[in-house]
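Construct the complete structure from the given sequences, taking the supplied hints into account.
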Amino acid sequence: MKDLFSVDITNSEWKFVMDGIEQIPLRDENGELRYVVRFAPGAKFPQHTHKDTEELFVLDGTLISNDVEYGAGSYLCYGPNTKHEPWSEKGCLVLVMERNAG
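Sequential numbering of the sequence shown, starting at 1, is according to the UniProt record's numbering.
To be clear, the hints were calculated from the coordinates, so they are not data collected in a lab. Treat the numbers as computed from the prediction; the structure is a model and nothing was measured. Just so you know, not all the hints are guaranteed correct.
[What the hints assert, rightly or not] Under the rule of at most 27 angstroms between Cα atoms (straight-line distance), these lysine-lysine pairs were calculated in the DSSO-like manner: (1) Lys44 to Lys90; (2) Lys15 to Lys90; (3) Lys83 to Lys44; (4) Lys51 to Lys15; (5) Lys83 to Lys51; (6) Lys15 to Lys44; (7) Lys15 to Lys83.
Right under this line is the structure:
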């Protein structure tokens, strides 16, 4: 890794993930993925699992996961194979950190 790597999301292009959900990749190094995800109001990610842990940090708005609301400043860590179906009623911005299961 370089001494410093930075991404300015205010000047980055959002990449389509699915209706109402976009992301900006931040880092993909040694199988470790970091990206910012933007949920439009009402957007819902289908129920899924990961082979490894997935960590989320809510930057803005409210994320709902497994019927619990998490506001800005909330940290979530899903263990391997944990079912989850994140969505947002009013929209949110989330930092996602995970390992690439390949």
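The hints, checked one at a time:
1. Only pairs whose Cα atoms come within 27 angstroms are accepted, and Lys44 paired with Lys90 is accepted, the gap being roughly 11 angstroms.
2. The hinted pair formed by Lys15 and Lys90 meets the criterion: a straight-line CA distance of about 20 angstroms does not exceed 27 angstroms.
3. Taking the CA atoms of Lys83 and Lys44, the gap is near 14 angstroms; set against the 27 angstroms cutoff, the hint holds.
4. Proposed proximity of Lys51 and Lys15 is supported: the alpha carbons are some 24 angstroms apart, at most 27 angstroms.
5. Proposed proximity of Lys83 and Lys51 is supported: the alpha carbons are some 11 angstroms apart, at most 27 angstroms.
6. Only pairs whose Cα atoms come within 27 angstroms are accepted, and Lys15 paired with Lys44 is accepted, the gap being roughly 16 angstroms.
7. For the given pair, Lys15 sits about 24 angstroms from Lys83 by alpha-carbon distance, which is consistent with the 27 angstroms threshold.
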